[in-house]
Amino acid sequence: MKRRFEVIISLKEGLLDPQGKAVEGSLPTLGWDNVEHVRVGKHVEMTVEADSEEAARAQVEEIATRVLSNPVIEVFHIITAEELPA
Amino acid sequence: MTKVGVITFPGSNDDRDALHAVELLGGEPVSLWHADADLHGVDAVILPGGFSYGDYLRTGALARFAPALASVRDFAERGGPVLGICNGFQILCESGLLPGALIRNRSLRFICCWVDIRVESTDALITQDLRAGDVLRIPVKHGEGQWVASEDEVKRVEDEGLVAFRYCGPDGSIDDEHNVNGSVGNIAGLRNARGNVAGLMPHPEHAVDADLGPTGGKPLLAALIAHALESVG
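Chains as they are written, first to last, in numbering that gives the first Met the number 0: chain A, 0 to 85; chain B, 0 to 232.
What you were told as hints is all true, and nothing was included just to trick you.
Subject to a maximum C-alpha distance of 25 Å in a straight line, what follows is the list of computed DSS-like cross-link-like pairs (lysine-lysine):
no., chain 1, residue 1, chain 2, residue 2
1, A, K11, B, K154
2, A, K20, B, K140
3, A, K11, A, K41
4, B, K140, B, K217
5, A, K20, A, K41
6, A, K41, A, K1
Just so you know, the hints here were simulated from the structure itself, not pulled from any lab data. This structure is a prediction, so every number in the text was calculated from the model and none was measured.
All chains, full assembly: derive it from the sequences and hints.
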C-alpha cells in the first residue's frame, strides 16, 4: 500500500529565524501591523510504499530524523498520511 | 611529501584553490571525488568551500552521505587530520564530527570581506604552531555562517576549549561589531577533542600568497602539511 506523507520542519523555538524576521519586518509596510512571531520552515511531501501504516510512518520518522532535519537546530512533525489508490 | 586530499563535491568551488595552496606550501595535492570511497592514501583531507549538492535542504546536509565522507569519518577516527573550510565546516557539523550547526547570517546578507580571527586553542593540529591570541587576517564569503548550538552544547564547547578561532578586531578584541555573521561567542572555527579535526568559515586557502594579499591562512595550511604524518595513529 502506498501512502502520502507530509513532514513539517521548523527551527527550534528560541533560535533566531532570520527568514521569519525578514518576512515579519516586511508586513507592516504592506499595512499588516498586527502580525508577530512569524517563523519560516520547510514542508516536505513523500509517497512511501509499505505493508502497514506503522511501518511507513516509522520509516518517514527515520528519514525526517536523519536527513530532513538537523536536531541541533530543527524540530519536525509528521502529518499523516493519505492512503493512495493501488 | 605530505599528500593532502581535497574532496570535490558537485557544487564545490574552492577545491582548486585548496589544491593550489597545498602545492604552494610544499605539500602534494591530491584531488578526490565525492563518489569515490577510496581516499587514495592521503595523509590529510580538506573539505573545501562551495555549495555541495546545491546546499539543498540545508548547507552541507546531503554531502555527509557521500561515499567519500564515510571514509573521511573512519580516517578522522584513526586520528587522520581533517580540515573543513566554509562549506566543509558546514559538512563537518552536519556529520556530527564537530558540534553545532551553521545557519543564515544574522544580517541575512551574503558577506564577502576580509576578517580578523583570533587563535583560541592551540590544541588543534592546524593551530599547534601558533600562540593563543595570535590574530590572522583571512577572507570570508558565505551566506550561512552563523554558528549556533544549544546552551548546554555551547557551554561544553567553551569548557572543553574546542573553540579554535573567534572573529575579532585587528587588535584581537572580541566584540559584537566584529562578529561578521552573528555566531554565538564570535565563534569562527572549532576543533574536535583530539584536535585532528577542525573547521572554520574563513578561507585559509585564499590567504596564502603574498602577491595576492594578506597571508593569514598560511600558518594553518602549513601546519596541516607539516604535522599530518604525525597524526595518524
